[in-house]
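Number of protein chains: 2
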Amino acid sequence: MKYYNNFNIALVGIGNIGSSVYNYLVQKKNYLISQTGSNYNLKYVSAKNLKKRRHLKNIKKKWFSNPLKLAHKDDVDIIIELIGGSEGIAKKIVFSALRNKKHVITANKELIFKYGNELAKIAQENKVNLLFEASVGGGIPVIKSIKESLISNNIFHIYGILNGTTNFILTEIEKTKKNFSTILTEAIKKGYAEPNPTKDLNGEDVKSKLSILSGLCFKSGILSNKFEVQGIQNIDYLDIEYAKEFKLKIKLLAISEVINNKIKLRVHPSLIPENSDLAKIDGANNAIVIEGQPIGKIVYQGLGAGKGPTTSSVISDLTSVLKSEISLPFGYDINKVKKYKTFDFNNHHSKYYLRLTVRDKAGVLSIITNILSSSNVSIQRIIQNPINFNQASIVIITHKCMEKNIKRTIHKISSKNFILKKIVMIRIRDEKKL
Amino acid sequence: MKYYNNFNIALVGIGNIGSSVYNYLVQKKNYLISQTGSNYNLKYVSAKNLKKRRHLKNIKKKWFSNPLKLAHKDDVDIIIELIGGSEGIAKKIVFSALRNKKHVITANKELIFKYGNELAKIAQENKVNLLFEASVGGGIPVIKSIKESLISNNIFHIYGILNGTTNFILTEIEKTKKNFSTILTEAIKKGYAEPNPTKDLNGEDVKSKLSILSGLCFKSGILSNKFEVQGIQNIDYLDIEYAKEFKLKIKLLAISEVINNKIKLRVHPSLIPENSDLAKIDGANNAIVIEGQPIGKIVYQGLGAGKGPTTSSVISDLTSVLKSEISLPFGYDINKVKKYKTFDFNNHHSKYYLRLTVRDKAGVLSIITNILSSSNVSIQRIIQNPINFNQASIVIITHKCMEKNIKRTIHKISSKNFILKKIVMIRIRDEKKL
Chain A
-5 MKYYNNFNIA
5 LVGIGNIGSS
15 VYNYLVQKKN
25 YLISQTGSNY
35 NLKYVSAKNL
45 KKRRHLKNIK
55 KKWFSNPLKL
65 AHKDDVDIII
75 ELIGGSEGIA
85 KKIVFSALRN
95 KKHVITANKE
105 LIFKYGNELA
115 KIAQENKVNL
125 LFEASVGGGI
135 PVIKSIKESL
145 ISNNIFHIYG
155 ILNGTTNFIL
165 TEIEKTKKNF
175 STILTEAIKK
185 GYAEPNPTKD
195 LNGEDVKSKL
205 SILSGLCFKS
215 GILSNKFEVQ
225 GIQNIDYLDI
235 EYAKEFKLKI
245 KLLAISEVIN
255 NKIKLRVHPS
265 LIPENSDLAK
275 IDGANNAIVI
285 EGQPIGKIVY
295 QGLGAGKGPT
305 TSSVISDLTS
315 VLKSEISLPF
325 GYDINKVKKY
335 KTFDFNNHHS
345 KYYLRLTVRD
355 KAGVLSIITN
365 ILSSSNVSIQ
375 RIIQNPINFN
385 QASIVIITHK
395 CMEKNIKRTI
405 HKISSKNFIL
415 KKIVMIRIRD
425 EKKL
Chain B
-5 MKYYNNFNIA
5 LVGIGNIGSS
15 VYNYLVQKKN
25 YLISQTGSNY
35 NLKYVSAKNL
45 KKRRHLKNIK
55 KKWFSNPLKL
65 AHKDDVDIII
75 ELIGGSEGIA
85 KKIVFSALRN
95 KKHVITANKE
105 LIFKYGNELA
115 KIAQENKVNL
125 LFEASVGGGI
135 PVIKSIKESL
145 ISNNIFHIYG
155 ILNGTTNFIL
165 TEIEKTKKNF
175 STILTEAIKK
185 GYAEPNPTKD
195 LNGEDVKSKL
205 SILSGLCFKS
215 GILSNKFEVQ
225 GIQNIDYLDI
235 EYAKEFKLKI
245 KLLAISEVIN
255 NKIKLRVHPS
265 LIPENSDLAK
275 IDGANNAIVI
285 EGQPIGKIVY
295 QGLGAGKGPT
305 TSSVISDLTS
315 VLKSEISLPF
325 GYDINKVKKY
335 KTFDFNNHHS
345 KYYLRLTVRD
355 KAGVLSIITN
365 ILSSSNVSIQ
375 RIIQNPINFN
385 QASIVIITHK
395 CMEKNIKRTI
405 HKISSKNFIL
415 KKIVMIRIRD
425 EKKL
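Residue numbers (my numbering), protein chains in the order written: chain A, -5 to 428; chain B, -5 to 428.
Isolated chain A (complex conformation) (with noise of 0.2 angstroms):
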């Protein structure tokens, strides 16, 4: 363990995140020396294009124009790798820098979810950081609590809110009564979601952070099992009112598990209670919550992006670099991790919600609730509404049964000629406190 009373640093990737880190590095050095106890000089800067007007100032000295390079040279010590995605330069970056022994700090949560596990190897072996906190949950800082804090207890649950663009279009389809399109459309302009904002709405951004999060709670490593995942998608302006119908909310959770040492991992919206902690997490905001032994449950929430949090975790990742500190990445031994099987979610129990767009016609509703009764599914509650002179909406509640019931039934159902939309299901989460 090398021991350094000055870091060099090279910031690679400027964008909005990267911005901001590179002007609190700029103006707030004398007050990290002061709080660390270490100098450090913020060497090197690199990004696509040097030519985008940025306005950072001295950002031209700092300019190098090959960021591949800067994981060879002798005069970087800590690189912060804020490019993103999992494969290409920011890969290339982060996996030859460890190599090379320095510090990596990343706020890339595509990367850690596919190479976590290997680069932490590697940053284990070279007894080098591998920090990640901006990676899930923006300012909250989680993952650090996780590997600290929580290290006394034995974790059996993890769920939440994960990702704010969701998060913000069901709040707004619920303020607004605009329909799912036209608030995308405003949430893109407004840069509330990605002109691309595919990940974050079938689910697959979720399951990333909530991958990172199982496999430092449950110390098995990231995993990359099949796990279940769906979007928000299908969800429309009509589900958010009938879930007020029936006091309950809708919200893009996040849940895993461990359940007789099987994990298991899902990512799905949700209908629960209006009243429940969760429910009230609106915006662009996250929530996680967090069950085990001995401590009970413990909930954090704050803003699940933006350059301000994102930074502010960036920034208490570099603080534990200056301060000499060298933790493992994942908190624990990645060569010693916890093996778990995969919960079959077929088995999975629950209540769904089922809304059918249907032809208006006689006989309908006898051969929905003949293929309920067929495949075992009970039903609690059901409405039928009229759309127009020939369409009719029928919404279902079930008495809880098993996924792999409710999956044949919406099979068998999607199959008649009078179904005239994509069904859409949502599973029911009605316990009292989540």
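Honestly, the hints are just simulated from the structure, not real lab data. Be a bit skeptical, because a hint or two may be false.
Each pair may be met inside one copy or between any two copies, as identical chains are not told apart.
Straight-line C-alpha distance at most 16 angstroms; calculated EDC-like pairs for lysine to aspartate or glutamate [stated by the list, open to error]: (1) K169 <-> E180; (2) K51 <-> D68; (3) K45 <-> D230; (4) K238 <-> D424; (5) K141 <-> E319; (6) K95 <-> E119; (7) K317 <-> D327; (8) K291 <-> D276; (9) K46 <-> D354; (10) K394 <-> D424; (11) K238 <-> E397.
On the provided structure of chain A, position chain B as indicated by the hints.
Quick look at chain B alone, frame taken from chain A:
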């Protein structure tokens, strides 16, 4: 800085929490060693009375009768102090342990509040740890978060619910519609309140905790200034009922702000919107909200006391020591604290709720409204309800006015002979998002 591969631990104080920590250290030894890479030995245990039945395995072998001597023993590296109280044995042990270069882990908020600055100086000089995660917020790892993860932030606002006992009492009064003293008696019987709950009820417990958090966040050292502190002793079921009518809820809030380089720290019952985040925190839960730049707002929630959460915090402190980390007790140099002035609370602005119990006779209301008007307190809402044939309660909601004016008003009205009980005053904090 001495590197230990093997740490000898002395545990002092074996009550409810101490027993839980004892069991953890005995039962999870292999786990902790695997997580930290260091060996430890729970060498000595001390408490008032060995004979008390505790059902702790092998405790007799580790028993040491004079706890004060432990701080001087060469074969003790870490002292875990779980006796409590700002004076007496706890104080003596912690001071002499730090002087003798032992690491100290404590859950003792009174001690840290009263002597934290002195203790931090000694720890810092001697390069040993003084860790006190369990002193505020039970299992919530807020202290480590502030010291490490929020280090890059300029924090200007801390608020929340920091006392589980009073929050439990307020929740129960609302649920059961019983009066304050009945609920308190029940809470003591059930162990939710201590046999002598004075410091919980009068706000002093919260003041200690808020002073500790503020000292860490504002980098001021722990402050002993005279702050505004009121408890919940005067709140009764009636107030909770009126609050409901106004769509408000009563919570004992801790609030600390830096405004123009002045610290404004206060603890008092507050009327907050019933749909706000903090209004939803019920029972023995705590919630801590921290606002700063660049992070924005972050919220921590969890059980504020109890053996599980407290054990989690104590053990997380212990793992830091076992990993041979030496951290500054407050996260910054105690010899370089920031200086602030104290905000004069007479200049505080707020809306106020007043409840008067009066003799129901002609002219009373006119006298009251005259006093309000002459003190520059204007009324937003007033409700008079009969209590019995010759008593009435008058509830007044004021517009925003100055604290000194409301206090003058209360003083003047209190002197009138138609006032039958102490006037209840509660500050209203009705910002939409707290």
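Hint by hint, here is what the structure shows:
For the homomeric pair K169 and E180, the shortest alpha-carbon distance inside one copy (14 angstroms) is at most 16 angstroms, but the shortest distance between copies (43 angstroms) is not. Taking the shortest Cα distances, K51 and D68 never come within 16 angstroms of each other, neither inside one copy (25 angstroms) nor across copies (55 angstroms). Proximity of K45 and D230 under a CA criterion of 16 angstroms is satisfied in neither setting, with 42 angstroms inside one chain copy and 66 angstroms between copies. Taking the closest pair of Cα atoms, K238 and D424 come within 16 angstroms of each other only inside a single copy of the chain (14 angstroms); across copies the shortest separation is 26 angstroms, beyond that limit.
Proximity of K141 and E319 under a CA criterion of 16 angstroms is satisfied in both settings, with 14 angstroms inside one chain copy and 14 angstroms between copies. Taking the shortest alpha-carbon separations for K95 and E119, only the intra-copy value of 9 angstroms comes in at or below 16 angstroms, while the best inter-copy value is 33 angstroms. Within a single copy, K317 and D327 get their C-alpha atoms only as close as 22 angstroms, which misses the 16 angstroms cut-off; across copies the closest is 13 angstroms, which meets it. In this assembly of identical chains, K291 and D276 lie within 16 angstroms of each other by CA distance solely across copies; the values are 14 angstroms between and 21 angstroms within a copy.
Proximity of K46 to D354 under the C-alpha cut-off of 16 angstroms is found in neither arrangement, the shortest distances being 57 angstroms within a copy and 76 angstroms between copies. Within a single copy, K394 and D424 get their C-alpha atoms as close as 11 angstroms, which meets the 16 angstroms cut-off; across copies the closest is 41 angstroms, which misses it. In this assembly of identical chains, the alpha carbons of K238 and E397 never lie at most 16 angstroms apart, being 24 angstroms within a copy and 42 angstroms across copies at closest.
Checked against the numbered hints above, the structure violates hints 2, 3, 9, 11; every other hint is satisfied.
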